[in-house]
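Residue numbers (this note's numbering), protein chains in the order written: chain A, 21 to 354; chain B, 3 to 754.
I should point out that these hints are in silico values taken from the structure, not numbers from a laboratory. Do not take every clue at face value.
Mimicking PhoX-like on lysine-lysine, the simulated pairs with C-alpha atoms at most 20 Å apart in a straight line are [said to hold, decoys possible]:
#1 K377/B <-> K292/B
#2 K40/A <-> K223/A
#3 K578/B <-> K22/B
#4 K26/A <-> K477/B
#5 K156/B <-> K144/B
#6 K115/B <-> K63/A
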Amino acid sequence: MMRLPKFEYRVPRTIAEAVKIVGDVGPTAQFVAGGTDLYPNMKRRQQTPRTVISVMRVPELNQITGDGKSGVRIGASVTLTDIVEHPLINRDYPVIAYAARTISTPILRNMGTIGGNLLLDTRCNYYDQNYEWRKGINFCLKKDGDVCWVAPGSSKCWAVQSSDLVPVMVAIGAKFRLASTLGERMIDAAGFYNDDGIDYLKKRPDELLVDIHLPPTNGWRASYQKLRRRGAFDFPVLGVAAYIKFENGRANGERTVRDAKIVLGGIAPSPIQIAEASAALIGHAFDDEYIQAAAEAAYVKARPLDNTDFVMNWRKQMARQYTLRALRALAVSD
Amino acid sequence: MSASPNHPIGKSVPRKEGRKKVTGQALYVDDISFAEMIYGVTVRSSVPRGRITNISFAGDTPWDEFTIVTAKDIRDIGGENYVALILNDQPYLADEVVNHAEEAIVLLAHPNKYLLEEARRNVRIEYEELPAILTLEDSVDKKEIIWGEDNVFKTFLVDKGNVDEAWTNADLIVEGEYFTGAQEQLYIENNGVIAIANEHDGVTVWGSMQCPYYVHKALIKLFALPEDKVRVIQTETGGGFGGKEEYPSIIAGHAALLSLKCGKPVKIIYDRAEDMVATTKRHPSRTRHKTAVTKDGKLVAMDIEFVIDGGAYCTLSPVVLSRGTIHAAGPYFSPNVRIRSSAVATNIPPHGAFRGFGAPQGIFALERHLDKVAKAVGLTPDEFRRRNFIQQGETTATSQIIREKVDMAGLLDRAFELTGYHEKRQRFAKENEQSRVKKGIGFATFMHGAGFTGSGEVYLASVVGAEATSEGRVKILAASTEIGQGTNTIFAQIASEALGVDSDLIEVAQPDTANVPNSGPTVASRTCMVVGKLVESAVLALKQTLVGSGLLREDYSQSEFQEACRTHIEKFGPLKTFSTYQAPPNIHWNDEKYQGDAYGAYAWAVYVAEVSVDSLTYEAQVEDFVALQEVGRVINPVLATGQIEGGVAQGIGFTLFENVVWQNGRMANNQMTNYIMPTPADIPPIRVYFEENPYAYGPGGAKGIGELPMDGPAPAILNAIENATGVSFDHVPLMPEAIMENLTNVLHGITL
Ligand SMILES: Cc1cc2nc3c(=O)[nH]c(=O)nc-3n(C[C@H](O)[C@H](O)[C@H](O)COP(=O)(O)OP(=O)(O)OC[C@H]3O[C@@H](n4cnc5c(N)ncnc54)[C@H](O)[C@@H]3O)c2cc1C
Ligand code: SF4
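Kindly generate the complete structure, drawing on both the sequences and the hints.
This is the structure:
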């Protein structure tokens, strides 16, 4: 029977209090927001904190402030439902509302938070199993074992970055604010994730994610395309975020791409930026020839492993199609 | 007859237990608790086949606080260590050898669930592994003999005419091979029971189940007890789909063994992961067809080889095989038919009953194959079938003469009209040339027999009782279970119609082997047609008794009826009547030859699916679905429609989504995050239509309905996919990956 182990539950009301508890308790403490990721993991004994510190009652973490002109800050404990329904996010950052809407189901979005989503544990078919199952085949590297079942010779874990919002945050250049008893720091989403399924974050366990800073909406646009088996529920087994910014003014009636980013999620331990796709687009008109070249680059760079739903080859093939879709979605209106 | 204007048959009266369910008052087994009750868990094998060399109880678990049961305890109580069913080959607890992964070996009980979970992990079982058979093909090829002398649980031969001589008369012979995968029932409520057992009172079990008397029979053997010392009570049950037909006998036995040893009530509830990994699933199958036709598209001979994978023990495989075998030749007339079928053993957890019971497997193969044959003779799929539909007076594969009116061609016409089939066939062909998304429309035509196969019902000799209460109500006494499909409601409707009193006046007793007679298992689409008919006769007998005793006029009002019940009980004591199954006239079945009247009645159906296939992502989506069926009289339209919609959705899951991933004989994706069942976002509108043609021997004219909707979706959808893509697929579940492989081959000009 999968049951939560016993643990101590703490509910701080301020950031200072929250970071102090984690500082005092040490490595056996862990934050929880909606718990939609942490609690199932605890039931499966993948994570085993003794003290669980809720971040849901800290007012600073529950706010959305600012607007598209100056940039927006979203508190880490804002629920995904609130993001999906927020008028300002829908108006100024529709890509974020859209990507959040593709996450799981309404029930999980009512509980799940943006912070929890951005810190989501990496996933793997050999890991997201109950204790008995994992013990049955012998534990893997990620927890309690010393072999990787996906790539047996590997000393690294290939569990997959599976949040729908992460590729979008990386593509649009969001920043995260972290706090601990040592103080605060800001970190770029693009530099926040490690290509390692175990140590997948550049965040110390004692650091609290306070809020997410979205850049001003000065002329860029972005889109997201998600691949999954069903029309609801499923984690992305490929997520493509596309970001594009044009030069001011036009040359020969066409606008030239000044900046472009393609970020793939759901295929590797970290989000993957496709530099070749950016190179294929930047400095050119935004037309199908270059879009195709960018999609080809995404296809070449996508190297999914056999540890999520769907076979690898199909997911790799889909990297091209989904990049095409994501970019074409940006070409529609001017 | 009655003075009541009340004719509930054909009306959507609300579900009897509906209010309790939606308000949370219905008590499922995990809602029930007894004083001193403790919890039980099962320790299972981690290897698919092996000899148990050692069991040790390790770690810092306080073992002396635990109740521990192994096979030895069954010996000690003088019980039989097998689950009594057909061949009695499945042990309750593996003794020296294990024959599949997740086989139960040790049982533990303790009041503390947390300690129990740790304790389960601290039981160390060592094995000497033996070579295992993990696929149907390897079993058929006898790569290793793992069961009996030849890995075969059961074979059937249906032989009509002379197939071998027919080949020479054929203009064309078409062959094909088709496969279906395992499927998990995914009832909402997992398996669970509570047992109280002691020397003095015997064994009592409460649980989620379809067939209380199966459990009863199995426990009698396990505990070597007389019938009246074993009592089985069905609690509110959250779905079954066949998954709670034979399995509850096992979990009930486990809980009762623990209870007997510790002297306390013991509850065992599986979580989803355990339920999925350890309990039964639909039998995977392989079907080979060889079909002879004339050049104008008349069937001359059908030679069918049908194999199902039964898993490690026989369980219900022979009966599943029997239904699959008989349905494998469909609603067509062919003068020569041979069906050779077998159920084979593998070292995976036993496969078992699942809605359709072998029929969906065989029908999938046949309906795919007939599209292939039609193409080969140059006819459209519908024209080819029209030339071969069975007609009233013609014979099925088992030489059963169809006596009732049957009009498959008429059903086909109506289904095509409802879907705009012909117009769409033409339009899609044109539009698909230009379009990235290819559309297609396809259909399947089929029949499904209601009730037990062959002489099954005669052997069962089901009994239903009706009891009048002193308040003038009538209580139906039957072991048939309400599992969400509507048993209670339709029994009340049938009784109410027969008596001419309000259906509120009818109560349906909780199935409890101490209080209700054995009306047989709740399976095989038999509850309405067979048991419902017994309900009708039992209450009519009750009425007859009242009339006969002079307490009731032939033409009575409801209050007179109630008054008569009261007076009768006052004067003569309890008033109960019973009715026992009798086969309709002219039903003959030869068990040796597998010839004769396989089923008393068939439901007839035409299902049409419209699909789109994205030629870039290879995803297939069902866009529209029409399910048209003739099921005799519909007793409760809302419930009947719900059965069809649910069955079609489950069928779509079987076809495009639900893929059991096997790893060393174990279901690897035993959780709902990676065993993917369709959600409402993946299911099209399901349009349900009934033709009514009352069946003389069904209650109010009804036939069976529960399994039927599982048969049609898979072939209809794959036929539609062929129409959309030009590629013929021969297996389900069909995943985008498989579509990609075949479509890219086509694009690259490689022939298939
Ligand atoms: C069935 C199912 C389907 C799902 N489908 C999807 C999907 O399609 N797409 C998707 O992206 N996700 C999906 N998820 C994952 C998850 O539910 C969401 O990502 C959700 O947003 C997680 O948020 P949470 O608040 O519940 O996180 P929690 O479980 O509370 O926390 C997640 C992690 O973040 C840490 N944490 C949380 N808040 C903070 C903070 N402020 N500071 C520091 N650490 C913190 C926790 O310690 C934990 O390690 C799914 C989950 C389930 C169970
Ligand atoms: S990728 Fe390898 S190490 Fe990481 S979770 Fe999967 S099996 Fe374990």
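Against the structure, the hints:
About 15 Å separates the Cα atoms of K377/B and K292/B, which keeps this hinted pair within 20 Å; it holds. The straight-line distance between the Cα atoms of K40/A and K223/A is roughly 17 Å, inside the 20 Å bound, and the hint therefore holds. Between the alpha carbons of K578/B and K22/B the distance comes to roughly 28 Å, so the proposed pair goes past 20 Å and is violated. This hinted pair does not check out: K26/A and K477/B have alpha carbons roughly 48 Å apart, beyond 20 Å.
Between K156/B and K144/B the CA atoms are separated by roughly 15 Å; this keeps the pair inside 20 Å, and the hint holds. Between the alpha carbons of K115/B and K63/A the distance comes to roughly 13 Å, so the proposed pair stays at or under 20 Å and holds.
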